[in-house]
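Start from the sequences and build out the full structure, keeping to the hints where you can.
Protein chains in written order, with the working numbering: chain G, 225 to 603; chain P, 16 to 396.
Calculated directly from the structure, the hints in this document are not laboratory data.
Think of the CB as a built atom: it goes at the ideal place given N, C-alpha and C, for glycine as much as any other residue.
Incorrect hints may appear among the rest.
A short, non-exhaustive set of chain P residues, derived as facing chain G with CB atoms under 10 Å [said to hold, decoys possible]:
{"hint": "1", "residue": "Gly59"}
{"hint": "2", "residue": "Thr131"}
{"hint": "3", "residue": "Arg135"}
{"hint": "4", "residue": "Phe149"}
{"hint": "5", "residue": "Leu224"}
{"hint": "6", "residue": "Met225"}
{"hint": "7", "residue": "Ser226"}
{"hint": "8", "residue": "Leu228"}
{"hint": "9", "residue": "Arg237"}
{"hint": "10", "residue": "Pro272"}
{"hint": "11", "residue": "Pro275"}
{"hint": "12", "residue": "Val279"}
{"hint": "13", "residue": "Ser288"}
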Amino acid sequence: MGAFQRDILLIAATVAAACALPGVFLVLRRMAMISDAISHAILFGIALAFLVVQSVHSPLLILGAALTGVLTVALSEWLRNTRLIKQDAAIGLAFPLLFSIGVILLNRYASNVHIDIDVVLLGELAFAPFNRLIIGGVNVAPLSLAVMGGILLLNVFFIGTFYKELKLSTFDPALAAALGFAPVALHYALMALVSITAVGAFDAVGAILVVALMIAPPATAYLLTDRLPRMILLSVGVGILSAVCGFYFALWLDASISGAMALAAGFFFLLAFLLAPDKGMLAALVRNARNRWAFAETMLAIHLLQHEGQPEEAAESRVDHLYKHFRWGERFARRVVVRAERHGVLQLSEGRLRLESRGRVLAQRQLGLTPADPKARDH
Amino acid sequence: MVELLHNLLFDYTLRTVALGAAVLGVSSGILGAFAVLRGQSLLGDALSHAALPGVALTFLWGGTKDPLFLAMGAAISGWLGILWIQSVTRYTRVKFDTALAIVLSVFFGGGMVVLTFIQRLPTASKAGLDQFLFGQAAGMIMSDVAVMATLGGAAVALVLILWKEFKLLCFDASFGRSIGLPMVRLDLLLTTLLVVAIVIGLKTVGVILMSALIVAPGAAARQWTDRLGVMVALSAGFAVVAGVIGAALSSTAARLPTGPMIVVCLSTIVLVSLFLAPRRGIAWRWLRAQHAGRRLRMERVFADLYELSRQHEDPMHAHDLATLHAMQAHPAGVLDNLRKLEEQGWAHEVEPQRWALTDRGLEHTHELERGNRVANLGKET
Chain G
225 MGAFQRDILL
235 IAATVAAACA
245 LPGVFLVLRR
255 MAMISDAISH
265 AILFGIALAF
275 LVVQSVHSPL
285 LILGAALTGV
295 LTVALSEWLR
305 NTRLIKQDAA
315 IGLAFPLLFS
325 IGVILLNRYA
335 SNVHIDIDVV
345 LLGELAFAPF
355 NRLIIGGVNV
365 APLSLAVMGG
375 ILLLNVFFIG
385 TFYKELKLST
395 FDPALAAALG
405 FAPVALHYAL
415 MALVSITAVG
425 AFDAVGAILV
435 VALMIAPPAT
445 AYLLTDRLPR
455 MILLSVGVGI
465 LSAVCGFYFA
475 LWLDASISGA
485 MALAAGFFFL
495 LAFLLAPDKG
505 MLAALVRNAR
515 NRWAFAETML
525 AIHLLQHEGQ
535 PEEAAESRVD
545 HLYKHFRWGE
555 RFARRVVVRA
565 ERHGVLQLSE
575 GRLRLESRGR
585 VLAQRQLGLT
595 PADPKARDH
Chain P
16 MVELLHNLLF
26 DYTLRTVALG
36 AAVLGVSSGI
46 LGAFAVLRGQ
56 SLLGDALSHA
66 ALPGVALTFL
76 WGGTKDPLFL
86 AMGAAISGWL
96 GILWIQSVTR
106 YTRVKFDTAL
116 AIVLSVFFGG
126 GMVVLTFIQR
136 LPTASKAGLD
146 QFLFGQAAGM
156 IMSDVAVMAT
166 LGGAAVALVL
176 ILWKEFKLLC
186 FDASFGRSIG
196 LPMVRLDLLL
206 TTLLVVAIVI
216 GLKTVGVILM
226 SALIVAPGAA
236 ARQWTDRLGV
246 MVALSAGFAV
256 VAGVIGAALS
266 STAARLPTGP
276 MIVVCLSTIV
286 LVSLFLAPRR
296 GIAWRWLRAQ
306 HAGRRLRMER
316 VFADLYELSR
326 QHEDPMHAHD
336 LATLHAMQAH
346 PAGVLDNLRK
356 LEEQGWAHEV
366 EPQRWALTDR
376 GLEHTHELER
386 GNRVANLGKE
396 T
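Pasting the structure below:
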């Protein structure tokens, strides 16, 4: 691997890690689409700051853009607070306007310089290493690596310092407010962090990939764990993995690196979505099916218990009666009976069903009829 | 201005673009109104981004820019996006917004990968990225408009046919389910129509700004009315007006892209609606609050006067202005409010600096007590 490729990989991995950190809290706070709004709206700030300082490589550009991100959030929150429109509509109104003004400004006044809208949106990681950070004549590192490294440190520092506050205000905002943790200030600080990260990253990977790297890895981690520290670490790991895999994928295809990285992030999420233990789709389907059988079995047991020893027992306990009584299909009813018999819930003889002691306990427990009810025992 | 109108009618390019924008306005306005009501404003954003790989792939495959062909590609990938969002939110604990953001960015990333292939094509009809991202309104021809009008007309016709079902879907889906309507399928159908509306807009405003055309008209129309029919019609009207004006404005100067101009026009309509819409508007609310505040301050002075009159044998006894001053936390406006009470005919200045209730004023206090509006008038004694 050449130094050039190593630089790209390093930049990509740094961006991925820096994005995943605030992303965790966006996902948990149900504000994922804020990242989309911010990453679009910063174009307005970039355009405005560019018109003021007339340079593409000015720290003012980052500051201006980051401010616009926070402004977008404030604008959409103000819109929502008027209670005239819902929150999602407020976000959907605020950022296209700022983005449009940014596009118009750049088209009108900056079309002769190299600040292409494509680049802002899509980024071009392949060119990132050419821009070097030179301190005292020494070529230290690619500029975007230095910038993103700084932003990563800032994110680590912020989340490390305010970990407890972030955690509480994410999971119990009311308690956080009651304890005086200033959730509003924290919220805006987080928004500023997202904005700064988005601005730093768009240069390297473009605005849309910022969304992919901020949301997809934390969402993947969210499907794998219930613990916040583990989720943060996993997000960073999945983010870096997406960056690396995306890079090689793009190399192999000779295609857009940031696009391939977004695809990789999406692929890992897809894997987690399908296969995650407990929380994935497959697990949910298996659980649903199991619940369906267990429910049918319990219903059958309760039905038999109700009529046990009653005069109508002979009619009610016939297997073909179940089709009508439960509106079960014949196949389903037979399978329920077979399963119930295997579990020792009932016994089938001459087309009649007879409750076994295990089934009786099951039904009684469900109906809350005996002290065998586990809840009753616990109290 | 006259020239602009003239161009709008007789300049082929501008007329075509304006017509396209108007067609887009009708479909996105109508379907956007439903999306806004159903809290799916950002779904439009995600789905329009999700359309990109479909457009790019069909272009790469077919090698054609036939609008119907591209629209089909966009619709298919948009639809896949919907399915993914729905299954993610249905089967896992990942929330709607997160699912949206993932579909948006991942599909868009996929589209970018395909676009890099397109850029490498040797063919002359190489499409710039801008065209997909921001549309290419200036390159629109009448056959494009015809395709847009057909698709949009079909979508709008379906909405009209299934009007009451969709209405139920927006406002009381569980009731719809209870009377046996297939709400899940209706939901999917309405969302699919939203994809159609998005596909129609790709040429005019592109994938990125399409979300504004979905959200803004509906959000603006919502301010003016509480009736679905009026809202949908208004929404379409706003979108058409903004589309035509935006297209016309962008033709007045070089390098004024059409899509962003339309969005700016639409946002202006939204802001005007938010401020000025009768009853709901911010300006109206402010005026109402001012009026209520003035009335409240006046009534407070009136309550004091009544309080004093109750403590006197003769309810019409005149009381010192100074006493009334002393009873108010902010005595500055007491005299003004007394004059207002005088205008109302509830109080009068018996002799300089001394005020008393009038007969009508006394009557009013009884009314107030009956209405319980001054429930704590007597409590302070």
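* With a cut-off of 10 Å, does the beta carbon of P:Pro275 approach a beta carbon of chain G closely enough for the hint to hold? -> 4 Å, holds
* Is the shortest C-beta separation between P:Arg135 and chain G less than 10 Å? -> The hint holds - P:Arg135 has a Cβ within 10 Å of chain G, the shortest such distance being about 8 Å.
* Hint check, P:Thr131 versus chain G [nearest Cβ-Cβ separation less than 10 Å] -> 4 Å, holds
* **Restraint outcome when P:Leu224 is required to lie within 10 Å of chain G by C-beta distance** => The hint holds - P:Leu224 has a Cβ within 10 Å of chain G, the shortest such distance being about 6 Å.
* With a cut-off of 10 Å, does the beta carbon of P:Gly59 approach a beta carbon of chain G closely enough for the hint to hold? -> 7 Å, holds
* Given hint P:Arg237 near chain G, where the shortest CB pair must fall under 10 Å -> Check passed: Cβ of P:Arg237 comes within 7 Å of chain G, closer than 10 Å.
* Would the stated hint for P:Pro272 survive a check requiring a Cβ distance to chain G of less than 10 Å? -> OK, holds: P:Pro272 within 10 Å of chain G, min 6 Å.
* Let me know if the C-beta of P:Met225 comes in closer than 10 Å to any C-beta of chain G, holds or violated. => Holds, because the Cβ-Cβ distance from P:Met225 to chain G comes to roughly 9 Å (cut-off 10 Å).
* Asked: Would the hint on P:Val279 stand, with a C-beta cut-off of 10 Å toward chain G?
  -> Interface hint status for P:Val279: holds (5 Å vs cutoff 10 Å).
* Is the shortest C-beta separation between P:Ser226 and chain G less than 10 Å? -> Hint on P:Ser226: holds, closest Cβ of chain G at ~6 Å, below 10 Å.
* Hint check: 10 Å Cβ-Cβ cutoff, P:Ser288 to chain G -> 9 Å, holds
* **Hint validity - P:Phe149 Cβ closer than 10 Å to any chain G Cβ** => 7 Å, holds
In the structure shown, no violation is registered for any of the earlier numbered hints.
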